[in-house]
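Going line by line, the protein sequences match chains A and B.
Here the first sequence stands for residues 1 to 410, numbered as in the numbering used here.
Here the second sequence stands for residues 1 to 410, numbered as in the numbering used here.
Rather than coming from a laboratory, the hints here were simulated on the basis of the structure.
One should not assume that every hint holds.
Claimed, not checked - Looking from chain A toward chain B, a few residues come up when the C-beta cut is under 7 Å (computed): (1) S131; (2) A244; (3) R275; (4) P279; (5) I381; (6) S382.
None of these values were measured; they are calculated from a predicted model.
Idealized CB from N, CA, C, for every residue including glycine.
Protein chains: 2
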Amino acid sequence: MTLQHVNGERLWGSLMEMARIGETPGGGSRRLALTAEDGRARDLFCGWAREAGCAVTVDRIGNIFARRKGSDAHAPPVVFGSHLDTVPTGGKFDGPLGVLAGLEVMRRLQEQDIRTRAPLELVNWTNEEGSRFSPMTMGSSVFVGDVALDFALSRQDPAGITVSDALAKLYPHTELAPVGGRKFAAYLEIHVEQGPLLKEGGEAIGIVAGSYKALYFVATVRGEAAHVGPTLMEQRRDAMAGAAALTLEVERIGRARGRDGRSNAPHVEVFPNVRGVIPAEVRLSCDVRHADPTESRAMADELRDACGRIARERGLEIALEQYFEFGPIECDAAMASLVRDQASALGLACRDLLTVASHDAVPMMRHCPSALFFIPSETGISHNEAEYSTPEQCRHGADVLLNAVLQLAR
Amino acid sequence: MTLQHVNGERLWGSLMEMARIGETPGGGSRRLALTAEDGRARDLFCGWAREAGCAVTVDRIGNIFARRKGSDAHAPPVVFGSHLDTVPTGGKFDGPLGVLAGLEVMRRLQEQDIRTRAPLELVNWTNEEGSRFSPMTMGSSVFVGDVALDFALSRQDPAGITVSDALAKLYPHTELAPVGGRKFAAYLEIHVEQGPLLKEGGEAIGIVAGSYKALYFVATVRGEAAHVGPTLMEQRRDAMAGAAALTLEVERIGRARGRDGRSNAPHVEVFPNVRGVIPAEVRLSCDVRHADPTESRAMADELRDACGRIARERGLEIALEQYFEFGPIECDAAMASLVRDQASALGLACRDLLTVASHDAVPMMRHCPSALFFIPSETGISHNEAEYSTPEQCRHGADVLLNAVLQLAR
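Throw the hints in and build the complete structure from the sequences for me.
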């Protein structure tokens, strides 16, 4: 089969147009899941997908599927996509690249009038980021049955709005389809790398061979509310100071592992969080990650020990509860080969790497043969307004996606 | 003049009835300033004050004055009171004791048909705690002209509601009086001690001779938002970890001063505060306090040094801004003597002490001869549901207030 190429300018134009929805002063995008901004992004995407000849459906968790018929109506679809939601400090690429590269595949096939055997479906998964509603990769996790639909719909944002409420506001008149219950022939996702490895190595494509093992916790630190003034320093059981000590321990645990370890304490809730009262309770979200699962578990053990030590030293109670884990995954070797072969045929340098973060492709890996691949990040930074890949890097990624889709669906 | 005594049972009954407004599961009260709960407390208080023969007015910052006529209508009033608002984790005594002991004075004079020469005024100051709106001691500070009325009215709570909006909701049909502009003959405030000193020493009354010097800051820690997963530990500029290091430095600075020093970092705002993003910015409120003002300034210098060191070590920016200071005050010696004499005449053991926290009496000290005195705290803790003084301790305090008022206003 001859190699196909996308229209790189059109892809770039769509990325820039999408980025204007929820545009931030620093050149990024803020489109939290199922907000009005996400709604506008969804509408723009659906309009584009219909123009590209696709039939659009939305399921009960808000996942959007844009389907292009194949010559064999009974064949399971080849599916590709990513997410349009962002973190509050989001860039232009994390998520939208995967959706809009997929859109470019649909547009290219339409204008070249190429009909595949298998149907194709381009998907926008709901709430990949988990910034507004927890857990993350919500839409894809519900689709594959890892998370129950009712549980997901009941999740609340910090203002108490549920996923169900937010969906009803975005889709008051749309009949939503059942979630899941059908098999894909294959799933492909292209994403921007969120670290510096491809940029450092000079490769155009990073093929995800597996993942880190990540363990996610909430540490609830309980002390005693008291007046900030008269209460003697020796009398205090200050939950904030305990949480600060724990935050530094979390950081130390990751740093001690060099380039293969990560650890975070990025989210905190303080009660009562007023200037006149020594904090009674702090809930600190934290995680530990390592390429080697044995090391991840050792990091979690160190975290548990640190909680016990800080609690004893400070007269606090600290309860450490694991709420999520991810990996290690091993990606489908045949799917990885197929992507690698297309990149090579296109003359693009590749390397294998591990993903540290989860993506919608991760739940999909238990559902059907799946591949996840990255393009370089020029700035090596993501979840930041400065996130950047060049038009050429985006085009190369979309070229690989287009040819991989054709291989799978021809 | 013969010594007078309050009705201790009635005082206790009123304290317990007031505490049921905004009652918390742990036996405390939650009545943030100008909320619906504060409104109900105000209504209960105004009804009681009218029954006790007082005329009630509310001023434009929401301070409530319950006035009892004197035989000389032109004499400046003798004023006493405190506040009915609480912190989110408030107890039954911090604030209400001063207001309801004052109410008991009014009730006792009414039933004994005692007419004073000077008019008496019982005051409930607005937003002493500063938990909902900053700054604290708002009503009394506006009254004496330390804080501009328009500035105070424009202050917002975390939901963006202004003091002005909140007042309009509580008083839609009340014509509010001008704030301040008149002199008091004297001001008296009784308050529960918020530390362990009277309990340790066995005294019934603590006479405040002066205050600590307290300096209040906001430290704004700026790092860089980035993905919690792929971003290498060595790449990070994590504002949360920097704020954690600063929180521990704040604690160390206070602890190093033994029983005479205090330091706090009780309030934090994190941006973006989501699980997927390394925090870009943290705003940490902190303060340092010492009985010796030279030491307070040395503590502030250490805090500033710590900010610089942490910023350098971690590649962060940290801006430390002082937003408030308090003390040292020296209390009016003649007023302190008058209170001490009444306590002695009543057979109550006294000691002098310094206040670590501010109270409404502090702004009043620049306005008129003022006295602030404490009763013991059984638990030595305040701003906590476990705050507790016995009925007898409350009665002793109110007896001192009653006789001091009569001395000043006879």
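Structure-based check of all given hints:
no.	hint	verdict
1	S131	holds (4 Å)
2	A244	holds (4 Å)
3	R275	holds (5 Å)
4	P279	holds (6 Å)
5	I381	holds (5 Å)
6	S382	holds (4 Å)
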